[in-house]
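Protein chains: 2
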Amino acid sequence: MEKTLFEKIIPFWASRGIDQEYGGYLLNFDENGKPYGGTDKYLVTQTRMLWGFSHLSRWKQGAEKDSLYQHARQGLQFLLNHFWDSRFGGFYWKVSRQGDPIDKAKLTYGETFAIYALSEYYLRFGDKTALEYAEKTFDLLQIYAADTLNGGYYENIEENWERSKDGFYAGDRKSLDIHMHLMEALTTLYQASGKEIHRRKLIESIELIMRHMVNQDIGYGYNQFDVSFHKIPAINIYRTWNAERETNEEISVPVDTTSYGHNVELSWLLDRAFEVLRQETPEYRPVLRKLLDHSLQYGYDFEYGGIYRDGIADKEVLVKDKEWWQNFESLVGYLNGYVKYQDEAYAEAFERTWVFVRDNFMNMEVGESRQLLDRQGESIVGNMGNAWKGIYHTGRALSECLERLTLLNTREDEVDD
Amino acid sequence: MEKTLFEKIIPFWASRGIDQEYGGYLLNFDENGKPYGGTDKYLVTQTRMLWGFSHLSRWKQGAEKDSLYQHARQGLQFLLNHFWDSRFGGFYWKVSRQGDPIDKAKLTYGETFAIYALSEYYLRFGDKTALEYAEKTFDLLQIYAADTLNGGYYENIEENWERSKDGFYAGDRKSLDIHMHLMEALTTLYQASGKEIHRRKLIESIELIMRHMVNQDIGYGYNQFDVSFHKIPAINIYRTWNAERETNEEISVPVDTTSYGHNVELSWLLDRAFEVLRQETPEYRPVLRKLLDHSLQYGYDFEYGGIYRDGIADKEVLVKDKEWWQNFESLVGYLNGYVKYQDEAYAEAFERTWVFVRDNFMNMEVGESRQLLDRQGESIVGNMGNAWKGIYHTGRALSECLERLTLLNTREDEVDD
Chain A
214 MEKTLFEKII PFWASRGIDQ EYGGYLLNFD ENGKPYGGTD KYLVTQTRML
264 WGFSHLSRWK QGAEKDSLYQ HARQGLQFLL NHFWDSRFGG FYWKVSRQGD
314 PIDKAKLTYG ETFAIYALSE YYLRFGDKTA LEYAEKTFDL LQIYAADTLN
364 GGYYENIEEN WERSKDGFYA GDRKSLDIHM HLMEALTTLY QASGKEIHRR
414 KLIESIELIM RHMVNQDIGY GYNQFDVSFH KIPAINIYRT WNAERETNEE
464 ISVPVDTTSY GHNVELSWLL DRAFEVLRQE TPEYRPVLRK LLDHSLQYGY
514 DFEYGGIYRD GIADKEVLVK DKEWWQNFES LVGYLNGYVK YQDEAYAEAF
564 ERTWVFVRDN FMNMEVGESR QLLDRQGESI VGNMGNAWKG IYHTGRALSE
614 CLERLTLLNT REDEVDD
Chain B
214 MEKTLFEKII PFWASRGIDQ EYGGYLLNFD ENGKPYGGTD KYLVTQTRML
264 WGFSHLSRWK QGAEKDSLYQ HARQGLQFLL NHFWDSRFGG FYWKVSRQGD
314 PIDKAKLTYG ETFAIYALSE YYLRFGDKTA LEYAEKTFDL LQIYAADTLN
364 GGYYENIEEN WERSKDGFYA GDRKSLDIHM HLMEALTTLY QASGKEIHRR
414 KLIESIELIM RHMVNQDIGY GYNQFDVSFH KIPAINIYRT WNAERETNEE
464 ISVPVDTTSY GHNVELSWLL DRAFEVLRQE TPEYRPVLRK LLDHSLQYGY
514 DFEYGGIYRD GIADKEVLVK DKEWWQNFES LVGYLNGYVK YQDEAYAEAF
564 ERTWVFVRDN FMNMEVGESR QLLDRQGESI VGNMGNAWKG IYHTGRALSE
614 CLERLTLLNT REDEVDD
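Chains as they are written, first to last, in my numbering: chain A, 214 to 630; chain B, 214 to 630.
Warning: the hint list may mix true and false statements.
The list cannot tell twin chains apart, which means a pair is met if one copy fits it or any two copies do.
Claimed, not checked - DSS-like cross-link-like pairs, simulated, lysine-lysine; straight-line CA separation at most 27 Å:
| id | residue 1 | residue 2 |
| --- | --- | --- |
| 1 | 317 | 349 |
| 2 | 378 | 408 |
| 3 | 341 | 278 |
| 4 | 408 | 349 |
| 5 | 307 | 408 |
| 6 | 444 | 216 |
| 7 | 553 | 444 |
| 8 | 317 | 408 |
| 9 | 247 | 341 |
Since the hints were derived computationally from the structure, they do not count as laboratory data.
Keep in mind that this is a model prediction, so the values were computed, not measured.
Turn these sequences into a full structure, and let the hints steer you where they fit.
Have a look at this one:
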């Protein structure tokens, strides 16, 4: 696992992911690690790469650390020079490879990842400008994205911070996905700033997810909601959810369709938030376990290993394909469960998932994970990178696992690379 | 009525209310219009005076207008020089007569009146600095006071924008009073700025009041709530609600204790908000009428005239004393009801209230309204001014009535002074 992280994934992105010509990051790499398709730069992946190089520098010293710092620093400069909207404030959603704005929208999802990356950069390298921009972006979300009628945040917002239209533009929708990633970002922001207001908003985001978005009895998350948090069938959403196509297709009619891997990710992100808050929340401990247990009971493939993509609550699995990010996040979720609750079932799930990830998702020759596999592990989409896929899920998952394995005093050779 | 406003109330405050020595406004005047008690300056009344001199200048031209402008301008300067917190942002709650901070708390109630006054000053005199401070204060409330879990705003906030303690400091409470005045302020802010975000937050505040704080069937407002908007018995609250004394006395055990005059004020303030929004809201029209009808059915004194102070929902009147602000606001509410719904009952209530106000509340010799009367109109507290009582309720009410009377083409002599 250590070798996969340090000898495959980091070098893969360090050697290909830096845009030497214009700055920022390149993301589109095919199954052989060769560039393909467009070079437009999205806020979500630019910031995820910035987060990744910043965060992973924690494992290195000296020249190696400095090299990761340089990869992060040029990404920060590109972000501030080309994504920041000096007129309305906030970061654009999409710019060209050269850095000219293509889509100036202010998606809560994207702004959230900017907060996450900028705070992490500050934590690792002490750059106050990065933290200032993180706080400025936080302030803008509070002013323009917070919903003071229903609580929570609007998610789809235009260039001038007006709510997007309803329907496919989803001005009238909220989602677990975006509130979960907001919680993740606020965790790191609070860690970086230590400010009471960041702490307060982090707690509010946790309570919101627990109150409206999670079935605490069975242990799974709902997907989409109206602005008042009534559960509604998920649709494709312009820009963020499955779509740049303008269709109003419902992708999952039952409102209790759930993503097993997303739930496992939620479990460990919540745990992380509680750690940073230094707040004991015994009433939520059962929920964190149920999110893991639910995935093992309903969404796990004990025959081939790995976690399925989608299913209906406590009923059938809908899609048995396996997606990279859900399986990488599940590594962390199960291992975290084992660390916290000493339940061997989680250790087994971790190990079984790791074997599946290592042998099927990882393209060891090229150095990154494939995107989508069928149940047995055959590649469906073998690309190493795309507009949404960078170093964030893969790099973070292995780093989080290594940290927990160290904690467990597990000898390296028990988890073979 | 015109003479009462222009020859009594405005001259009363113009001649006594300006602090010629230190700037800002003086408020404590006894029944003879002589200064009494302290001279500490509270944000709520400093801004209400600033609002008053600004707003009432609309009726004047030339030297008379300029004189009101000077009264407002010096108040603005004192406000910006002595109340603004350059460290944490926002306005202090209380300063000494000289302008030294005494209580640096950031009460939502006070900040809201600052927004109201600064926006009005901009509307009347075009001073962009005033609007900038109004918008800055709006932003701070969004960042620090908005509750992103439950919706609405926290109300009791300390110097550094941390929520106040629970209980008597009321960090764990919300109220109709403060959300109503926030709506009032956002109405004027939106009118001044024309910005979509101010419009959006105004609409959210209206919807919030309607959803959680008003009994729409019977037509009255509840008083205090926990942060999730569950109705709870009202208590005295440090700084804002009946109290600078530290007691935790419950002042009204039934949660459906209501202030008739506050409900009538809410009726016309909502109407005003809809006007400024240029938004037809037919679904709320019945509620606006019910707020008036409820007060007439349960809280009005048809024998002596005027509106009682407090009562229980659709049951008995609790306190038959009459308070100045409730009766002045009721003038506007009833007259507005007559203008909007052509119901003679409202015209009669307006006229009956005006007779009671003119003959009992108004101290025509001195030039302002008494504070509190018994049912028959005998003075209980005859003071013309205090830390909370200035030109705002009396001056605004008569100005709003004059505007509506003009609209009705009512001849002046029908409403005798």
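Structure-based check of all given hints:
For a Cα distance limit of 27 Å, the shortest separation of residue 317 from residue 349 qualifies both inside one copy, at 17 Å, and across copies, at 24 Å. In this assembly of identical chains, residue 378 and residue 408 lie within 27 Å of each other by CA distance solely across copies; the values are 18 Å between and 34 Å within a copy. Only within a single protomer do residue 341 and residue 278 lie at most 27 Å apart by alpha-carbon distance; the minimum there is 19 Å, versus 50 Å between protomers. For the identical chains of this complex, residue 408 and residue 349 are neighbours both inside a copy (13 Å) and across copies (20 Å), given an alpha-carbon limit of 27 Å.
Proximity of residue 307 to residue 408 under the C-alpha cut-off of 27 Å is restricted to the inter-copy arrangement: shortest distance 25 Å between copies versus 30 Å within a copy. For the identical chains of this complex, residue 444 and residue 216 are neighbours neither inside a copy (43 Å) nor across copies (59 Å), given an alpha-carbon limit of 27 Å. Neither within a single protomer nor between protomers do residue 553 and residue 444 lie at most 27 Å apart by alpha-carbon distance, with minima of 31 Å and 39 Å respectively. Taking the shortest alpha-carbon separations for residue 317 and residue 408, only the inter-copy value of 19 Å comes in at or below 27 Å, while the best intra-copy value is 30 Å.
In this homomeric assembly, residue 247 and residue 341 never come within 27 Å of each other (Cα to Cα): the closest approach is 36 Å inside a single copy and 56 Å across copies.
Checked against the numbered hints listed earlier, the structure breaks hints 6, 7, 9; every other hint is satisfied.
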